[in-house]
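Taken in sequence, the protein lines are chains L and F.
Position one of the first sequence corresponds to residue 303 (this note's numbering), numbered consecutively onward.
Position one of the second sequence corresponds to residue -7 (this note's numbering), numbered consecutively onward.
One thing to keep in mind: the hints can contain errors.
[Said to hold, decoys possible] Simulated pairs of lysine-lysine, BS3-like, Cα-Cα distance not exceeding 25 angstroms: (1) L:Lys403 x L:Lys430; (2) L:Lys491 x L:Lys334; (3) L:Lys377 x L:Lys403; (4) L:Lys403 x L:Lys414; (5) L:Lys403 x F:Lys264; (6) F:Lys261 x L:Lys403.
Simulated from the structure, these hints should not be mistaken for laboratory data.
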Amino acid sequence: MNSGEPIIQIKDVHKHFGRVHALRGVSLDVRKGEVVVIIGPSGSGKSTLLRCINRLEEYDAGNIVVDGISLDNAKNINIVRQEIGMVFQSFNLFAHLTVLKNLVLTQRVVRKRSNEESERIALELLNKVGIPDKAEAFPIQLSGGQQQRVAIARALAMNPKIMLFDEPTSALDPEMIKEVLDVMLDLAKEGMTMVVVSHEMGFARAAADRMILVDEGQIVEEAVPDKFFASTNERTKLFLSKVLHM
Amino acid sequence: MAEQPEPSSNGSKLLRTLGVESTMRIDPWWGLVVLVIILIVVLCVVSADPFWNMLRFVSDGILITVIITVSSFVLVLVLGLFGGLGRLSQNRFIYALATVYVEIVRGIPLLVQLIWWYYAFPAVIKEVGNSLGIQVLADYQANPIAMAIVGMTVCYGAYMSEIYRAGIQSIPRGQMEAARSLGMTRFQAMRHIILPQAIRVVLPPVGNEFIALLKDSSLVSVVAVTDLTRRGREYMSTHFNPIETWTMVALVYLVMTLLSARGVAWIEKRSKFER
Ligand SMILES: Nc1ncnc2c1ncn2[C@@H]1O[C@H](COP(=O)(O)OP(=O)(O)O)[C@@H](O)[C@H]1O
Ligand SMILES: [Mg+2]
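Start from the sequences and build out the full structure, keeping to the hints where you can.
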């Protein structure tokens, strides 16, 4: 159903942390508008893979091309990063700024938008993620679910072409998970390109075009959700049995 | 029953029993400041000679002490920022430079540093001027106050670097990562995200540095600066009344440090509410 050209091309990427070989030759193409859900055991390299895509981590070997720009020789990584929104497990809202200013500051500093325009976009997005009334609150005054929705809005304010999610709901209380997943589902429906590390299998079933199991720094299996959940691969079956019983 | 006692409960309790709802909070430490000032005033009134005379004699020294303290401190804030950022730099050369600076300065007593800047540094400049035939340098005359400010700044800048460094490091890594992931440069992230948060963290230790600098500024009396301490010594050597002189000098320093402490507390309190 997605026939667009790849917007992310990852080719045989390796990453070491000292003696830890975190990524062992990962190759993956993500097409425009595609939603890829990555699962895998803790420490398998999911975060590292995601963080290589916007070069929060630099890979040692291989190559990544994002929207036609090779990260090997990206002269200005900040240009690439402007096109990639990232949502973290721990929200990482700017603690000293109100919700509104969290959304406005980066637009002004990075996108050079006027204050009025930035605020208008910010308020629109806060409305979209369902918390228009919290614009003047500080992050610490919000619940985890609200903070994560603000973080998504903050990333969207930059008009990214790609959104990366690193376990966006795993720091949340169960009753708040849905409100965040709903926002992500909407995004997926709108055609956003998304790479999501998450063990929320309900979300994966509803939104994923493709699912990927990563283990020990390698892609073990890659399939559309229906096939993935019916996989005969032993490691996939074993891991799915764990996350489906969570 | 479970009433929380307020810090200044005496005053507010009295007001409350009088039916006055107080929104004003009086910091009990102000009492100490007032007490010391009253003590000075009483001494001057009761026995104008020597106390009042002495106070007038050293008043220009008080001004010098304030000038040296304030100007050094402003420079220290700037130098410390560069030092602190240097200590966190990914550039090895800058990191090494900042580290060497901090380690050298912290290993030498402040008094020795002040003496070095006043006696040795000008001599070095003159030597250089002579050997290179540059007359301006050969004729160089050290200004005691300028050299004192340089000495205090260089020394306290090293300690301030470490305070800034610790403050910046105390900000969770995720803040920098979020800023970078949104496309900010390292510099923009520092300026807009990390430093504003770090400043709040370092405010108390920075305030302490100001008070420490104020007290240590008395050391400049050794290098020809006519600050409060030196003027005190001059007064004593002509009037031979060590008890009165040094008591008064001590009280004046005390007023200045207590006032500074109140100022620091006030700034800290404000920065907590106003974000
Ligand atoms: N900054 C780092 N320094 C050292 N080791 C790291 C660092 N980040 C990740 N690792 C290691 O790399 C491996 C993969 O980590 P990560 O990508 O975070 O796994 P996951 O997100 O799948 O749990 C782990 O062994 C982890 O300990
Ligand atoms: Mg992870």
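Report the numbers of all earlier hints that the structure fails to satisfy, in ascending order.
3
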